[in-house]
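Chemist: Each chain, letter by letter, is given below.
2 protein chains.
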Amino acid sequence: MRKPRLMTPGPAPVPEDVLLELARPVIHHRSAEAKQVIVECAELLKEVFQTKNDVMILTASGTGAMEAAAVNTVPKGGKAIVLSAGYFGARWASVCKAYGIEVVNLETEWGRPVDPATVENALAAHPDTVCVMGTLSETSTGTGHPIAEIGRIVAKTDAVFAVDGISGVGAMECRTDAWKIDILCVGSQKALMLPPGLAFVAASAKAWAKIDAFNAPAFYFNLKSARKKMAEFDTPYTPAHTLILALRASLRRIHAEGIENVWERHRVMSEACQAGISALGLELFSSRPAEGLTAFHVPAGLKDGDIRNKLFDRFGITTVGGQDKLKGKIIRVGHMGYMDELDVIAGLAALEIVLNELGFEVEAGRAVVAAQQVLLGQKAPVAVG
Amino acid sequence: MRKPRLMTPGPAPVPEDVLLELARPVIHHRSAEAKQVIVECAELLKEVFQTKNDVMILTASGTGAMEAAAVNTVPKGGKAIVLSAGYFGARWASVCKAYGIEVVNLETEWGRPVDPATVENALAAHPDTVCVMGTLSETSTGTGHPIAEIGRIVAKTDAVFAVDGISGVGAMECRTDAWKIDILCVGSQKALMLPPGLAFVAASAKAWAKIDAFNAPAFYFNLKSARKKMAEFDTPYTPAHTLILALRASLRRIHAEGIENVWERHRVMSEACQAGISALGLELFSSRPAEGLTAFHVPAGLKDGDIRNKLFDRFGITTVGGQDKLKGKIIRVGHMGYMDELDVIAGLAALEIVLNELGFEVEAGRAVVAAQQVLLGQKAPVAVG
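Chains A and S are the protein sequences, given in the same order. Residue 292 in our numbering sits at position 292 of the first sequence; the count goes up by one each step and never skips. Residue 62 in our numbering sits at position 62 of the second sequence; the count goes up by one each step and never skips.
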């Protein structure tokens with residue numbers, strides 16, 4: 001027997017009742033019944049995103065939402081400051097380059113959070129910046145960025161602040177309106193507890209002013225069309241409607257738990273995971289860990305593939321390795337969405353067993369105890385970085 | 001009791017076993033298991049599309065595939081001939097306009113097929129045409145267009161032929177390579193028997209030469225990225241992987257039935273539906289009906305909404321009305337995907353009952369008998385137009 005245990009930083013596990021929604025007979029996406037589903041999702045999405053603005057639903061990966069944010073906001077030749085601190089931060093720059101948007105790359109060492117002061121300096125040096133593009137949770141490094149602080153800085157300028165919240169929203173505190181996020185991009189397959197296939201964009205009045213000021217080279221990802229249709233609880237093109245039906249089920253779950261409690265659950269899972277990994281003498285990769293995943297250095301003498309394959313073969317646990325320049329150097333463990341503290345403890349126990357089997361001796365139970373101490377409030381969260 | 005009977009020209013009904021695939025626990029899209037699913041889909045898609053070229057899988061509506069075809073093939077300022085014979089033909093022009101592609105609009109009366117001679121003349125008048133954009137099955141009018149003939153004409157020129165096969169592929173004969181279709185666009189929610197959310201693009205060597213000749217303003221829909229990843233049985237961004245899992249199940253069904261038999265089933269359903277509707281004295285809208293749906297004029301004295309609502313309230317049958325200038329004028333009945341001849345007969349019986357109840361007297365059983373005669377081969381297909 002090998003039970004599937006999806007511990008990747010997206011896709012994340014989906015609740016059984018949400019999965020069953022997907023197996024219901026397909027309904028027509030323009031029917032009264034389908035519209036009612038969107039009516040309900042529209043309200044619940046605002047709550048999860050902590051915004052008063054309409055949240056638009058796109059049928060796409062999260063990258064589609066990032067593209068929509070970039071091309072609808074910054075005209076060709078316009079300038080964007082990209083907060084590049086990992087593989088997904090760099091994706092903003094790739095999107096911009098494809099559309100002729102001038103990029104000011106603000107590089108931060110992978111695994112470190114963006115320093116808000118550097119954003120302030122960059123905005124001063126580039127007062128013609130149309131958009132600052134950042135990341136709430138950088139999935140490639142497991143780092144959470146100080147979005148609230150950066151939002152305050154960008155808000156003082158004419159630029160808008162676009163945030164990739166794909167692996168962050170739902171897995172860590174994110175107050176879109178209060179933090180002055182002008183465009184928030186989210187994907188379905190992370191803490192929203194759905195399979196991949198939907199993306200979401202919320203835009204502020206400041207963002208709409210920029211979007212309305214020019215004809216963006218966008219058709220499928222045209223946000224004006226999306227806004228117009230969303231006002232009628234509809235979408236411009238046939239949406240992945242079974243996923244929207246499942247979205248309603250997952251949003252109802254989040255609403256019932258309460259978004260602040262959902263954040264707190266992720267915070268505790270994250271600290272427990274960090275404490276457990278540190279207790280084994282392993283080194284956390286990020287100096288400011290995100291709360292939906294934990295990244296740690298592959299211990300000297302071991303290969304990431306050996307650890308990950310053994311976790312999968314023995315216990316059905318799927319994790320991911322490093323991307324790009326972190327290939328082979330780190331392992332990333334997801335704890336977001338349909339997961340609780342006990343899943344994290346089980347994952348740590350599996351890691352202990354697998355490390356010992358690979359000849360990397362650790363004291364059995366050490367990580368598990370450290371994690372439990374966090375849950376019991378007996379121990380301060382581990383120091384990181 | 002009201003059983004759901006989805007008789008719309010997309011989304012189409014999905015087989016129960018395919019729906020259940022969607023309810024399986026989510027797996028990671030970069031796992032060996034996920035790759036194996038794409039390996040199998042890659043072969044089966046070629047068979048359904050009748051092409052030797054790789055079929056790329058996009059997470060999007062069919063419109064996303066059309067956008068990909070247009071922006072990757074025709075540079076800004078380049079010229080496209082759009083075969084506009086309905087709402088979806090016109091969509092090609094809208095996509096082009098959003099990206100600064102010059103459109104030569106070849107208008108055909110809605111409900112009539114495109115005359116291949118007009119395409120030949122337009123190509124002669126516009127020898128700098130980069131792409132001719134047509135439609136296999138125009139869903140808004142229920143018309144099938146003579147794609148093979150047009151393909152032969154375009155093949156003699158430097159232009160490529162892009163075809164929206166969204167509601168056509170699987171529901172009617174389509175031989176991509178033999179008919180010289182250079183870019184075929186398909187959606188998941190029609191005859192492929194899946195919910196909406198995936199789109200597909202197949203491109204010929206002639207198309208790739210155009211695509212490779214310039215840097216398209218495309219990121220999410222960049223076909224070069226899609227081709228590169230598809231060669232590794234992967235996708236550039238997180239795909240809607242549960243839908244790909246379901247795709248494998250539906251493609252296995254089509255393979256088992258045989259694509260030519262699938263076309264034949266749709267041809268018979270289509271002729272049976274046309275015969276039944278004509279037998280009631282109703283007028284078919286199209287002079288060259290598509291085979292995945294049948295469109296007919298709303299009989300004088302009745303409202304389309306009354307007929308459609310009664311079909312739904314009484315029997316759970318969902319149909320659609322007309323779009324744009326056909327609003328209120330026609331009713332469209334889908335018979336594609338997971339449907340057989342008996343579903344069509346049941347739909348016709350429902351129509352007979354509902355028309356009588358609305359005071360439009362028809363002889364009970366007349367449409368049903370006419371349809372059965374088609375199935376029994378006792379009657380030539382009804383004359384249309």
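Because the hints were derived from the structure by calculation, they are not lab data. It is possible that part of the hints are untrue.
Identical chains blur together in the list; that is why a pair holds if it fits in one copy or across any two.
List of simulated lysine to aspartate or glutamate pairs, EDC-like, C-alpha gap at most 20 Å [to be verified]: (1) K52 with D306; (2) K35 with D313; (3) K46 with E232; (4) K76 with D158; (5) K180 with E47; (6) K3 with E33; (7) K229 with D324; (8) K224 with D128; (9) K156 with E40; (10) K79 with E47; (11) K35 with E283; (12) K224 with D313; (13) K327 with E232; (14) K76 with D115; (15) K52 with E363; (16) K224 with E120; (17) K180 with E120; (18) K310 with E33; (19) K228 with D324; (20) K229 with E40; (21) K327 with D115; (22) K327 with D234; (23) K310 with D340; (24) K46 with D306.
Chemist: Now tell me, hint by hint, if it's right for this structure.
Modeler: Checked hints:
1. K52 with D306: Neither way: K52 and D306 sit 47 Å apart in one copy and 38 Å across, limit 20 Å.
2. K35 with D313: For K35 and D313, the Cα distance is within 20 Å only across copies (17 Å; inside one copy 44 Å).
3. K46 with E232: within (16 Å within a copy, 39 Å between copies)
4. K76 with D158: within (18 Å within a copy, 30 Å between copies)
5. K180 with E47: within (16 Å within a copy, 51 Å between copies)
6. K3 with E33: between (36 Å within a copy, 15 Å between copies)
7. K229 with D324: Classified as between; 16 Å across copies, 39 Å inside a copy.
8. K224 with D128: Neither: 24 Å inside a chain and 33 Å across chains, both beyond 20 Å.
9. K156 with E40: For K156 and E40, the Cα distance exceeds 20 Å both inside one copy (34 Å) and across copies (53 Å).
10. K79 with E47: neither (32 Å within a copy, 46 Å between copies)
11. K35 with E283: Close neither inside one copy (49 Å) nor across copies (32 Å); limit 20 Å.
12. K224 with D313: Neither. Shortest intra-copy (48 Å) and inter-copy (35 Å) distances fail the 20 Å Cα cut-off.
13. K327 with E232: between (46 Å within a copy, 18 Å between copies)
14. K76 with D115: Neither: 28 Å inside a copy, 40 Å across copies.
15. K52 with E363: Intra 50 Å, inter 56 Å, cutoff 20 Å: neither.
16. K224 with E120: neither (30 Å within a copy, 37 Å between copies)
17. K180 with E120: within (15 Å within a copy, 56 Å between copies)
18. K310 with E33: Intra 46 Å, inter 16 Å, cutoff 20 Å: inter-copy only.
19. K228 with D324: For K228 and D324, only the inter-copy Cα distance (17 Å) is at most 20 Å; the intra-copy one is 39 Å.
20. K229 with E40: within (15 Å within a copy, 37 Å between copies)
21. K327 with D115: neither (25 Å within a copy, 56 Å between copies)
22. K327 with D234: between (42 Å within a copy, 18 Å between copies)
23. K310 with D340: Answer is neither: 23 Å inside a copy and 48 Å across each miss the 20 Å cutoff.
24. K46 with D306: neither (42 Å within a copy, 36 Å between copies)
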